[in-house]
Amino acid sequence: MQFVRLVVGGFAILAVIYVCVSLYSRSVRREKLEGWWDEAPQEGMTREEYIAEGMAKYESGLRKKLILLIFVIPPIVVGTIIYFIN
Amino acid sequence: MRNFRRVIRILLFLVVGLFLHYVMPQQDVARITSTEIIRTDFGGLQRLFYAQADSGQVDGITRDLRLINTERKATYFFSLIRGGNETMVYRNEDTGWIYPPYFKFDSSDLQAEAAASISTAQPYNWVVVTHYGWRIRWASIYPNAVAIRPIVVPEGANPEDYRPFPWVNLIIFVLMIVGSLFIRAMWMQFRERTLDPLADKAGDQLDHVNADLAERRGRIRRWLDTWKSK
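If you're matching them up, the sequences are chains R and S in order. Read the first sequence against my numbering and you will find it ends at 224, with the numbers running on by one and no gaps. Read the second sequence against my numbering and you will find it ends at 254, with the numbers running on by one and no gaps.
For the record, the hints were derived by calculation from the structure and aren't laboratory data. Ideal Cβ positions, reconstructed from N, Cα and C, are used throughout, including at glycine. Errors might be hidden in some of the hints.
Think about it this way: if two alpha-carbon atoms lie no more than 20 Å apart in a straight line, the pair counts; the simulated SDA-like pairs of lysine to any residue are [stated by the list, open to error]: (1) R/Lys203 - R/Val159; (2) R/Lys202 - S/Phe206; (3) R/Lys203 - S/Phe206; (4) S/Lys97 - S/Gly107.
Simulated restraints on C-beta separations [claimed, not checked]: (5) S/Leu42 - R/Ala194: 48 to 56 Å; (6) R/Lys203 - S/Leu42: 36 to 44 Å; (7) S/Arg26 - R/Asn224: 49 to 57 Å; (8) S/Val192 - R/Ala194: 42 to 50 Å; (9) R/Leu207 - S/Val192: 19 to 27 Å; (10) S/Val192 - R/Ile208: 21 to 29 Å; (11) R/Lys203 - S/Glu239: 49 to 57 Å; (12) R/Asn224 - S/Met212: 38 to 46 Å; (13) R/Val216 - S/Ala226: 40 to 48 Å; (14) S/Ala140 - R/Leu161: 50 to 58 Å.
Short derived list, chain S residues pointing at chain R, Cβ under 10 Å [said to hold, decoys possible]: (15) Ser79; (16) Pro125; (17) Tyr126; (18) Lys128; (19) Val170; (20) Ile207; (21) Met210; (22) Gln213; (23) Phe214.
Start from the sequences and build out the full structure, keeping to the hints where you can.
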């Protein structure tokens, strides 16, 4: 029963962390894109287009998928602790 | 107000510090003198400081408690200063799956290990007992032993003088600092990108309303002024 509680509760906590971190990461990326544009505006597109394109690239990029590690690492840590303690 | 804040901050710091001191692993250099099992009926306050029944079993009103009796090197001030020998009794309970997250299920095995390293005749067999928790004598509360390991020292060195280094605590503290910095960065970003623009908008609106109000009042004032004798 305790195990079920750990899995369900742990998943809920990790889900909250995942949502927060992905919002944060997206926001940082957008800020960077804005900064890049303001430093060196490109010809042939508006600021909004440039940012939209950059965000689309981010959405399909590797960095976003790496955030999924939040669900992978804690179980590995727990498994390692179990292995070393017992 | 500032004093009130200061008191709250100190209290928070104390509570977190005490909690960490209770939960974090500590390592004692000890000599196991015997192991025993006593029957215990837990009181209300005590219940906080004990784990539940062995994992897989049902929690009853009363149960047996495994104890490990030792003589250990007394340490003070986060193990930095070492005193003489003192007796210490550890309990040996499963922590189970939740709290504290040691995931210890092998109390029986640990008890067997402890029994195997009993040392009552010289030369003594000193071992490192990893544990968490406090010994509170007036409430019959014991620290929980998590692991026992032999001391490995270079040839000629005295195992009694061995100082275990708290690697695990170091890693946990570093992770905690990194985590709190990350949370801080996230909060700053949220404030800068989401809260401040909202506040700006609200402030803008407030300015508009105020200007509107001032203008209207101005109109009324002007109308009132027309009644004044010139």
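Okay, the hints, checked on the actual structure:
For the proposed pair R/Lys203 and R/Val159, the alpha carbon gap of about 12 Å is at most 20 Å, so the pair holds. Among the hinted pairs, R/Lys202 with S/Phe206 is consistent with the structure: their alpha-carbon atoms are about 17 Å apart, no more than 20 Å. Restraint check for R/Lys203 and S/Phe206: satisfied, since their Cα atoms lie roughly 19 Å apart, inside the 20 Å limit. Taken as a hint, the S/Lys97 and S/Gly107 pair is honoured in the structure, with Cα atoms around 6 Å apart against an allowance of 20 Å.
Separated by about 50 Å at the C-beta atoms, S/Leu42 and R/Ala194 satisfy the suggested range of 48 to 56 Å. About 40 Å separates the C-beta atoms of R/Lys203 and S/Leu42, a value consistent with the hinted range of 36 to 44 Å. For the pair S/Arg26 and R/Asn224, the beta carbons lie near 50 Å from each other, so the given range of 49 to 57 Å is met. With their beta carbons about 44 Å apart, S/Val192 and R/Ala194 fall inside the hinted range of 42 to 50 Å.
The hint said 19 to 27 Å for the Cβ distance between R/Leu207 and S/Val192, and at roughly 22 Å that hint holds. For the pair S/Val192 and R/Ile208, the supplied restraint of 21 to 29 Å holds, since their beta-carbon distance comes to about 22 Å. Distance hint for R/Lys203 and S/Glu239: a CB-CB separation of about 55 Å, consistent with the stated range 49 to 57 Å. Range check, R/Asn224 to S/Met212: about 41 Å between beta-carbon atoms, so the 38 to 46 Å window is met.
For R/Val216 paired with S/Ala226, a C-beta distance near 44 Å keeps the hint of 40 to 48 Å intact. Between S/Ala140 and R/Leu161 the beta carbon distance is about 53 Å. The supplied range of 50 to 58 Å therefore holds. Residue-level restraint check for S/Ser79 holds (minimum Cβ-Cβ distance to chain R is 7 Å; threshold 10 Å). Taking 10 Å as the C-beta contact cut-off toward chain R, the hint placing S/Pro125 at the interface holds, the least distance being around 7 Å.
Against a cut-off of 10 Å between C-beta atoms, the interface hint on S/Tyr126 holds, since the closest Cβ of chain R lies about 6 Å away. Checking S/Lys128 against chain R: minimum C-beta separation of about 5 Å stays under 10 Å; hint holds. The beta carbon of S/Val170 is positioned within 10 Å of a beta carbon in chain R (closest approach about 6 Å), and the interface hint is therefore held. Using the Cβ-Cβ criterion of 10 Å, the hint placing S/Ile207 at the interface with chain R is satisfied: the shortest such distance is roughly 9 Å.
With a least beta-carbon distance of about 5 Å to chain R, the hint placing S/Met210 at the interface is held under the 10 Å criterion. For S/Gln213, the shortest C-beta to C-beta distance to chain R is roughly 5 Å, which falls under 10 Å, so the interface hint holds. With a cut of 10 Å, the hint placing S/Phe214 at the interface with chain R holds, because the nearest CB-to-CB distance is about 7 Å.
When each numbered hint is compared with the structure, no violation occurs for any of them.
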